[in-house]
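Take a look at the letters that make up each chain.
2 protein chains.
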Amino acid sequence: MKVGGKDYRTVWMSGSSVNFIEQNKLPFSFEIYEARTHADTCMAIKTMIVRGAGAIGASAGYGMAQAFLESDENMKYVDEAKRCLEATRPTAQNLFYAANRVYNSAAGSKKPARTALEEAQRIADEDAENCMRIGENGNMLIEDGFRIETHCNAGWLAFVDFGSALSPVYVAHRSGKNVFVYADETRPRSQGARLTAWELRNEGVPHAIIPDNAGAHCMSRGMVDMMIVGADRIAANGDTANKIGTYERAICAARFGVPFYVAAPTSTFDLDCETGDAIPIEERSEDEVLYQTGPDEEGVMRKVLVCSPGSGALNPAFDVTPAELITGIITEKGIIKPSEEAVRSLFS
Amino acid sequence: MKVGGKDYRTVWMSGSSVNFIEQNKLPFSFEIYEARTHADTCMAIKTMIVRGAGAIGASAGYGMAQAFLESDENMKYVDEAKRCLEATRPTAQNLFYAANRVYNSAAGSKKPARTALEEAQRIADEDAENCMRIGENGNMLIEDGFRIETHCNAGWLAFVDFGSALSPVYVAHRSGKNVFVYADETRPRSQGARLTAWELRNEGVPHAIIPDNAGAHCMSRGMVDMMIVGADRIAANGDTANKIGTYERAICAARFGVPFYVAAPTSTFDLDCETGDAIPIEERSEDEVLYQTGPDEEGVMRKVLVCSPGSGALNPAFDVTPAELITGIITEKGIIKPSEEAVRSLFS
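Chains as they are written, first to last, in the working numbering: chain G, 1 to 348; chain R, 1 to 348.
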């Protein structure tokens, strides 16, 4: 997608470096972070320089390729690098998918470093293509004039390009349909208010940020025609782990008859998880709740305390929405009802 | 309640001045704002130096008394002051209740200023007493070991003293029961993270701040035994206007079988509103969503932008929870099921 008229992906490789749009700096400044080693890439994933299902996956693939490049064919080094990558974000299925795919293709190869690089690039390219197809498939659900609520950021910044939940919005907008997006703020990291709003503004899609608390109110007043969210991991029965607050929106959408869609590439499915109960939920630092960072009136970035001093906070990063609350899952292979049969049919 | 060992109310009169704990400065500094005229009091309500159902009511009563003091028995002046007070916060029932009560008692009196002062003081004292009774009634619902979620701040800072939703917690805690409170952050103004957490810490009640998004997740994991919230206005059928996000919590509580209580004095009921549809919802400035204020690492208060520059936001301040989702309403007269019959019986 374009930033200031120039085409960008969220993550790409040049030489032995992995380059990232520095998402912790967005939307206030646009910077590129260069990870020269797989250890830098681990750090970039862990500190959320890169975040979002597909982008984490592509990064992990590139990070594995870096490890093969660095290893001089020492598989102990590669194995240790894989463990380091896999320890960065426990909930993200695409991370394990990509790390395993690069590892398995290269480990048995005659030219492991080259094979790893090619496989990592393939994963990134497939991610972008799949997201484009998700957009085309999801667009068929969007009518002219639709007002669409989304949670967190499952736009192009969360993938290599195009995005999952926002991809149908972009396709609809570019095809001339009038669409309006309500971007949930998505506390505590505010990816909706910061990243989704930034993406939508860059693309010229009309939108408003709403506090997470306003979801039920807006739905109850008939202001929302459909909801589309992303996914961090989807179990074999369709239960979906996504950013904390997704479950709450799905419960409200069911109450108000608002269609609730999950958009994700098939790489986000984890058939080893029979249900959502098996998906681990990452607990992040309470500091993400207690502090907020942003530019002050003079444009200087400041970290300020936004809670009462001395009180602690809980910060579960994800929740699991049961399949029964999901109207459909939009994938690159089509739209399915969330059931074990339909999920398994995607892979047969 | 005590602050640093000294007893305080949120609002009190001395001479012709109304004194407020400056709630916009909490929890980072404790200051008293002195409103010398009814116009100052209007400003204090409008800018949320004072906020919360009962505290707004007492303030409006005192403000009316100031107007009678200033009026030299010119009723045009008093009428204009009443309009000014009533225009400050459209959703708060206690405001209209108190302004009318002082006005009606004093307007027909031989010594209007003195009568107004006495009536305003009576309203404030009744508010404190009623909140204490709400605490005693609500405490009967709380078992030892209960983990109680609350939204926004309906503690003593929202009333003259003791509070509504938090009053049962204080009574339970003081009586030796183990209670733990989950304080919803309550974006955009974060009254839960700032005021409720501050109150609980002052009283030594164990608690944690949770992002608004974490409600359903915590309930789904069996972490919440009951939920108690306050109310800004309750219709004759039990529909309840309260801080934005309350509706969402009530929907989730119903799904997970978590008892959902509203705590409010009878002065918060508005029998002229047959249902919640008749309750006006205040829309506040988008700046409350776009910016956050707090101390930086050196303790200097900073206002920082927390959303993507150039994007707008919606900021509905309240929502209306339908009676069917409310387990019971805890009042100073007892606990009722939210039905028109039960509500009307409170006033018969």
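Note that these hints are calculated values from the structure, not bench results.
Worth double-checking, as some hints may not be accurate.
[As the list claims (entries may be wrong)] In silico SDA-like pairs for lysine to any residue, Cα to Cα no more than 20 angstroms straight-line:
hint	chain 1	residue 1	chain 2	residue 2
1	G	K25	R	K25
2	R	K303	G	E298
3	G	K303	R	P309
4	R	K333	G	E298
5	G	K2	R	D296
6	G	K303	R	V300
7	G	K303	R	K337
8	R	K303	G	Y291
9	R	K337	R	A236
10	R	K25	G	P309
11	G	K303	R	D287
12	R	K25	G	D296
13	R	K2	G	Y291
14	R	K303	G	K2
15	R	K2	G	E288
16	R	K25	G	S29
17	R	K111	G	E73
18	R	K303	G	S14
19	G	K303	R	A236
20	G	K303	R	M301
21	G	K303	R	S339
22	R	K303	G	D272
23	G	K303	R	D296
24	R	K25	G	K2
25	G	K25	R	K2
26	G	K303	R	F28
27	R	K25	G	Y291
28	G	K303	R	R122
29	R	K110	R	R122
30	R	K2	G	T293
31	G	K25	R	D296
32	R	K25	G	G310
33	G	K303	R	E298
34	G	K303	R	K2
35	G	K303	R	K25
Hints numbered earlier in the text: which of these fail when held up against the supplied structure? 1, 4, 5, 7, 13, 14, 15, 16, 17, 18, 19, 21, 22, 24, 25, 28, 30, 34
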